[in-house]
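Peer 1: Sequence:
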Amino acid sequence: MLKSKFTSLLMQWHKKSNRREMPWKGEKDPYKIWLSEIILQQTRVEQGWNYYERFIKKYPTIQQLAKAKDEEVFKLWEGLGYYNRCKNLLITARFISKELNGKFPNNYDKIILLKGIGPYTAAAISSFAFNLPYAVVDGNVFRVLSRVFGIETAIDSNEGKKEFTKLADEVLDKKNAGEYNQAIMDFGATICKPVSPSCSSCVLQKNCNAFKEGKVNLLPFKEKVLQKKHRWFYYFLMQHDNKILVHKRNQKDIWENLFEFYLFESSEQIKWNNQLVQEWLNEQFAIKSAEVVSVSAILAQQLTHQKITGQFIKVNFKKVPTSLQHYKWLVIKKLNGLAFPKFINQFLEKEIV
DNA sequence: AACGCGGGGCA
DNA sequence: TGCCCAGCGTT
Numbered sequence: 001m002l003k004s005k006f007t008s009l010l011m012q013w014h015k016k017s018n019r020r021e022m023p024w025k026g027e028k029d030p031y032k033i034w035l036s037e038i039i040l041q042q043t044r045v046e047q048g049w050n051y052y053e054r055f056i057k058k059y060p061t062i063q064q065l066a067k068a069k070d071e072e073v074f075k076l077w078e079g080l081g082y083y084n085r086c087k088n089l090l091i092t093a094r095f096i097s098k099e100l101n102g103k104f105p106n107n108y109d110k111i112i113l114l115k116g117i118g119p120y121t122a123a124a125i126s127s128f129a130f131n132l133p134y135a136v137v138d139g140n141v142f143r144v145l146s147r148v149f150g151i152e153t154a155i156d157s158n159e160g161k162k163e164f165t166k167l168a169d170e171v172l173d174k175k176n177a178g179e180y181n182q183a184i185m186d187f188g189a190t191i192c193k194p195v196s197p198s199c200s201s202c203v204l205q206k207n208c209n210a211f212k213e214g215k216v217n218l219l220p221f222k223e224k225v226l227q228k229k230h231r232w233f234y235y236f237l238m239q240h241d242n243k244i245l246v247h248k249r250n251q252k253d254i255w256e257n258l259f260e261f262y263l264f265e266s267s268e269q270i271k272w273n274n275q276l277v278q279e280w281l282n283e284q285f286a287i288k289s290a291e292v293v294s295v296s297a298i299l300a301q302q303l304t305h306q307k308i309t310g311q312f313i314k315v316n317f318k319k320v321p322t323s324l325q326h327y328k329w330l331v332i333k334k335l336n337g338l339a340f341p342k343f344i345n346q347f348l349e350k351e352i353v
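For the first sequence, the residue numbers in the numbering used here are 1 to 353.
There are no misleading hints in this set.
In the EDC-like style, the derived pairs of lysine to aspartate or glutamate whose C-alpha atoms are separated by at most 16 Å in a straight line are:
(1) Lys-328 / Asp-241
(2) Lys-307 / Glu-268
(3) Lys-318 / Asp-241
Here are the simulated distance ranges between beta carbons:
(4) His-305 / Lys-25: 30 to 38 Å
(5) Glu-71 / Val-293: 23 to 31 Å
(6) Ser-157 / Leu-276: 42 to 50 Å
(7) Gly-118 / Gln-64: 22 to 30 Å
(8) Lys-307 / Ser-157: 22 to 30 Å
(9) Lys-215 / Gln-251: 39 to 47 Å
(10) Leu-303 / Glu-283: 25 to 33 Å
(11) Asn-106 / Val-293: 56 to 64 Å
(12) Lys-206 / Lys-175: 24 to 32 Å
(13) Ala-68 / Glu-283: 41 to 49 Å
(14) Asn-106 / Gln-47: 27 to 35 Å
(15) Asn-84 / Ser-17: 35 to 43 Å
(16) Ser-157 / Asn-207: 22 to 30 Å
(17) Gln-64 / Ser-198: 35 to 43 Å
The set of hints was computed from the structure by calculation and includes no laboratory data. The beta carbon of each residue, even a glycine, is placed where N, CA and C say it ideally should be.
Please model the complete structure; the sequences and the hints are all you need to start from.
Peer 2: Next comes the structure, spelled out in structure tokens:
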């Protein structure tokens, strides 16, 4: 199909048939567009929707976000995943607030320099807020273009990224970049879906290479295979005097910047029981004044790249061992002010600590 | 250029 | 269970 025909058919579809409403659509405030785009990175619209509304309500301007405390913002981000987005959100809000006098950069080259903003987000902000001619390339765009034009280059290869970026730029409606970008993403999300796309009602069907060749379900093509790790996390809820031991994760690992309890990680399963816990405590902390309160059922969580299995073990110290004195002891009532990973929250929700 | 990073929804 | 989602930073 001619590239110009693709563009005009897509724009016609958008004007006539697309009724996908979202809180940030038609928004012109670059702060709100930026916030929505960060939230939506690798995240479904439905999943990010409420987070967006809570952020805008609590922080209506970038200056207010910039002034917020880290822990408060992470608490609001809790459960959304990819927590580096939240860290970079704060870095960029504070940078713009302090160094740019609160004014969001208004051109692509400056926007893409901001932390947490890559080619996709820079194109999205440039086109939606400033109607600049930059084409977004996200999962939807890879899928639509690979199918319509029958491109089999792997989208997770460097070559593929270049090729699709070039094509995306060629089919962009440069005078209506914002509208076009909305159109192709909505089209990918509602018609040209990953699984069971609506080819029978697709306005591009007659011109779609993948449909003609029967390759719809083979495109887009990926070459990398996901490797999954299995880890065992045993969390000890060390309690003493209405306080509990918490720790902010600070390694380059999952859940960085989130809180957790005292973690004992193992590469294989451990069959804990009261006696084993007691022995382990004696060995680890060389004290006998710890009482094993309870050992939870085995819980599991499936992440994209890892499977976490583990248990929660409550321990009551009559006296805090010296080796734990430099850890952070938090009043239990304040637990709900901290952001925890889902794995921990699924335990806390049904358990009164 | 390759790899690691969450959580949810769907077939 | 496996795949994908309005991707990005690090090494």
